[in-house]
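Participant: Take the sequences, apply the hints, and build the full model.
Sequences listed follow chains A, B, C and D, in order. With the first letter of the first sequence counted as 1, position 99 gets the number 98 in numbering that gives the first Met the number 0; the numbers rise by one all the way through. With the first letter of the second sequence counted as 1, position 326 gets the number 325 in numbering that gives the first Met the number 0; the numbers rise by one all the way through. With the first letter of the third sequence counted as 1, position 322 gets the number 321 in numbering that gives the first Met the number 0; the numbers rise by one all the way through. With the first letter of the fourth sequence counted as 1, position 138 gets the number 137 in numbering that gives the first Met the number 0; the numbers rise by one all the way through.
Where hints are given, some of them may not hold.
Pairs involving identical chains hold if they fit within one copy or between any two copies, as the list cannot separate such chains.
[Unchecked claim] Calculated cross-link-like contacts (lysine-lysine; reagent style DSBU-like; alpha-carbon spacing at most 35 Å): (1) Lys167 <-> Lys339; (2) Lys339 <-> Lys225; (3) Lys5 <-> Lys261; (4) Lys5 <-> Lys49; (5) Lys339 <-> Lys49; (6) Lys261 <-> Lys225; (7) Lys47 <-> Lys167; (8) Lys261 <-> Lys49; (9) Lys225 <-> Lys167; (10) Lys5 <-> Lys167; (11) Lys339 <-> Lys261; (12) Lys47 <-> Lys225.
None of these hints come from the bench; they were simulated from the model.
There are 4 protein chains.
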Amino acid sequence: MTQATKINFASDNAAPVTPEILAALGDANMGSALGYGNDPLTGEVEEKLKSIFECDLMAFPVATGTAANVLGLSIMLPPYGAVYCHQLAHIEQDECGAPEFYSGGGKLALLAGDEGKLSADTLSRALSQAGAGVVHHAQPSAISVTQATECGTLYSPGEIGAISEIAKRHGLGLHMDGARFANAAAALDCTPADMTWRAGVDVLSFGATKNGAMAAEAVVFFDMEKAREFEFRRKRGGHLFSKMRYLSAQLNAYLTNDRWLKTATHANEMASGLAGEIFNIADAELVYPVEANIVFARLPAHVLVRLAASDVLYYPSGPAENREIRLVASWNTTADDIEKLMAVLR
Amino acid sequence: MTQATKINFASDNAAPVTPEILAALGDANMGSALGYGNDPLTGEVEEKLKSIFECDLMAFPVATGTAANVLGLSIMLPPYGAVYCHQLAHIEQDECGAPEFYSGGGKLALLAGDEGKLSADTLSRALSQAGAGVVHHAQPSAISVTQATECGTLYSPGEIGAISEIAKRHGLGLHMDGARFANAAAALDCTPADMTWRAGVDVLSFGATKNGAMAAEAVVFFDMEKAREFEFRRKRGGHLFSKMRYLSAQLNAYLTNDRWLKTATHANEMASGLAGEIFNIADAELVYPVEANIVFARLPAHVLVRLAASDVLYYPSGPAENREIRLVASWNTTADDIEKLMAVLR
Amino acid sequence: MTQATKINFASDNAAPVTPEILAALGDANMGSALGYGNDPLTGEVEEKLKSIFECDLMAFPVATGTAANVLGLSIMLPPYGAVYCHQLAHIEQDECGAPEFYSGGGKLALLAGDEGKLSADTLSRALSQAGAGVVHHAQPSAISVTQATECGTLYSPGEIGAISEIAKRHGLGLHMDGARFANAAAALDCTPADMTWRAGVDVLSFGATKNGAMAAEAVVFFDMEKAREFEFRRKRGGHLFSKMRYLSAQLNAYLTNDRWLKTATHANEMASGLAGEIFNIADAELVYPVEANIVFARLPAHVLVRLAASDVLYYPSGPAENREIRLVASWNTTADDIEKLMAVLR
Amino acid sequence: MTQATKINFASDNAAPVTPEILAALGDANMGSALGYGNDPLTGEVEEKLKSIFECDLMAFPVATGTAANVLGLSIMLPPYGAVYCHQLAHIEQDECGAPEFYSGGGKLALLAGDEGKLSADTLSRALSQAGAGVVHHAQPSAISVTQATECGTLYSPGEIGAISEIAKRHGLGLHMDGARFANAAAALDCTPADMTWRAGVDVLSFGATKNGAMAAEAVVFFDMEKAREFEFRRKRGGHLFSKMRYLSAQLNAYLTNDRWLKTATHANEMASGLAGEIFNIADAELVYPVEANIVFARLPAHVLVRLAASDVLYYPSGPAENREIRLVASWNTTADDIEKLMAVLR
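Facilitator: Rendered as structure tokens:
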């Protein structure tokens, strides 16, 4: 596999699986287990999440982040409704219309916001003009925030709380796309509970794939009334695994001994270190504050030429004339990787 | 995991993963690989399938059988269309409306047929009265057959060819749900090509999960023109894996050294042996010919009482008064399992 | 218009509009009126229906019977749900998948039944095996009955009540397709209330088009809680009329002075007279009891040849070898029409 | 009907039906006519449109503007696709998600543009970054323009041609929402052909309701290949009228003797006259050029207070602090209406 010799800053989903999660798949591979979640491991995942989030909850494993997002949203979004989200949100930019599909034709209402974040003010203004109750307009139904954001920035619990207050005032559900929830949890000085249900989040896509799992996410319902029809929606989406134990084994290993926080902390530290190095390059700029495991940088044209010819995997961000790139650190990024990248950039 | 001590005849999806497939996941876990199928293993799967099916084709890994079926069907089924299938078909009975969902509201037109099989005659009669071209009626768009069927029986290449002829005459696509394709291929005295494209199949759900994989199927397009929009549909269904290499690794190992046929052959032999034993029980009857890895048996009431109290996992089939059960042999079913089951039944 | 010289027994929707309803359109055509139902006539329709049905209710005009049916059903049918109906139901046979479309992929579960009617027993048996609560199966969500049925027969209030009891026991909504509700109400010896909410109907498609209107139906909610999201669903279906007053004017005129019952009574009497005549033809048979305005007859082959060459408009029913035809009487059918038809048939 | 005494500038859909169209309904009300478009009038509509547009075409009557738009768009918009349109487009602002519904979950991609118009430049820039061919992104599939626009402005044939060139370069369909097509055709110095197919339009919603019909629009396909599946989509949307002759009668009368252009010319002249008067009010401003039958005006606060207390029906436009209102002239607007309105405004 020649890609293995490249230096990956393209995405945390280009990283491999942690040894502990791989081992857990082997451990789960003993004898028979009833399918579709009627196995002991699936129950354990829910118990571990209850303990981590310090509350009762319902949790459902799925294999992809898009599935987690759109199944969770579909509970809150009637086909004549709209989800309010940032215009850079993954559900808008990178899911090929999956939210519209799973809601039977609902809409995303897009809002601008600095550093990839929705502000309570912008939301409030948009909702006051949204035509709630007027039959011609898609009805405001939910708000979705991404934590950590697509720009690698973070919402504080206070910011989430302010958004949640608006959601409650307008009778909307609050969804959190936590594809990089671990990176946020590792970076913020608060508990997982503080970032979620205590701040008013109803449904969370709790990601693991980008942080060392093979293909595993959990849809977590803090508002358990909303979970009632989830299992039917998961099944009809084709997302109910027959051999569920192997999804659950990944999540179990991930949640054991704070491993999920440890791998995320490492990725965050690598990104932070990288950001410091880039900051010192002449004519280079950081596009957003580096608060999790992603660095957006604006680089001189000649540096971009060099980078494109190198062994480094990365993605440009936005139109070419902006000269911006995205660099993502993963659980397996090494200081040596950064050194090699910087050798190209300097 | 206490279920591991039970004797599994409930389903082949309650079986574990073969050691070779598990090992392949470890082998794939080296360094970084670009996501979404841009890894070397995914290309290899397609090459192996071309060799097995002796033709050019396009193949797309997904994780569940329902996803494979409904994504494949969605290509052939406009929202105002109907798929003709057996009334016992998995797509009708066990997918919670997924085909209707993925086609945007298409219909399944249900037909009866002996031993879980569609007959060319029944199809022909139904299609002649279907109102093709008449605006009030859902338009016949595709036929779906299951191979091996939900009743554990098989279509011969000739039977598939006769159905395909009808499909062609009416301008319909032909889909094969091959969740247990390996069991059929192992049992029939013909090549995979004979059972599929040579007999007129356009799209095949090529199953692996029930035959020893963790969660991996391939949607195989023999009619490659139909594949054009598949990738967009997979993505918007939430079925595009970021770390695709782990799906592909399973399929690669599965397709190597005829392993897929060996595990299926074993399961078939176990079912066949079991059927022979049940045939000899007084007052027991086999409901369908046992041609693959599934046994349907009608048992005396007092035997069912004993079975229900035993360590054997199984499912009743149909209403209780029929006294029918389904017993499925898996790649890991042993002669000892059968002996223990028979000790309860005798 | 040469068709005007033909004798119409093809359908009650090939008949023209009653003079009173046409005049009402002219009366409504004075000055401006706010659109989308914010006009006085629309409120009047609801008041008249309350009086006719002797209860509080909510009523929404739409222009087609398919729209009425599928919008009403969409309220009761989640995308993972199933409506139980007769296999000859209009929603199955003649709406090109509209119920599946409007519910976002729900299913119709088809049942057999004598004379086009569901029986409580058949329903009960089907529902007991439907897998309610089991994630693999579409969830039973509603029952739909057609009154008068597609076979021209009638449910008695007692029969509807027995079906409603089953609906309630299983937590399902009860929908009535009343495209020919007037014909049923005119024929049955009971009040509109007895046939609907008193017998447990939740939502009624109250038809007018087939009985002398131009294009007007009302979706009537006896269970008003279910009406909450109706208006959004009507709008997104494209069925909210801007100049609603012209829909409402039709319904108003229709409901005034028992006109709706008078035109239906006439059509029923014509059908009944026709049935008596056909009964006396040698080798002719009535296929179903003639209880409303439709006659199904099995005729000798040589008579069918004569009929096909005549000026009579009609439809064959089912495959040609059955020799069955459908004859529908309308509000404007005359004794002379029947005489001319009989002259061909005798 | 007390609203009849008010002075309507709220909407052209609050106006009544022209006497000629009303009379045509009576003329059509003779004898029986086969349903669903198999009547002579429906064919005549298509012939008249061919003559007006000087080309072969296919035309399908429907009753509402939303139905016309979303059925036409659904042909060009796969469920994983996106329609590029102005952020003020009716399909985005006023159809409660109908385009998403009818396309099975497609998206609208919103663009800004002066005076309610898309510019070729903006489109070109957006499409170059849309990710065509990339599986994560909704695929650009069509462009929709409104003529006359929601701001009461007009595209010149040249502007449409420039947009069409971009559509062709990117392989997209071009849809025109012509709810007020007559107002545009009456105002522009070119033929209907110049504004549509000669400039590259594939599908047109040809409106009549806002310009004096009761409830009638035609979906016109210049690209007839695209019409193949239209009738099935119309039926499953519940938009196929059984008594179609009454839709067609409206359109026939509308298209006879240039009536459609005469009523539109009148409305345009009334709006133009009104705009001249408003221009002369101190502190009043016209928000957009008045090119068709709509006037957007920014008025002093004390004038708005007076207006709100008057007998004039109108709608505010945008947030209250903008002090903007929309005034629409209709086929039946009189000089006296304008005088009365101006008496309030002055």
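Participant: Which of the listed hints are not met by the structure?
Facilitator: Of the numbered hints, 1, 2, 5, 10 do not hold.
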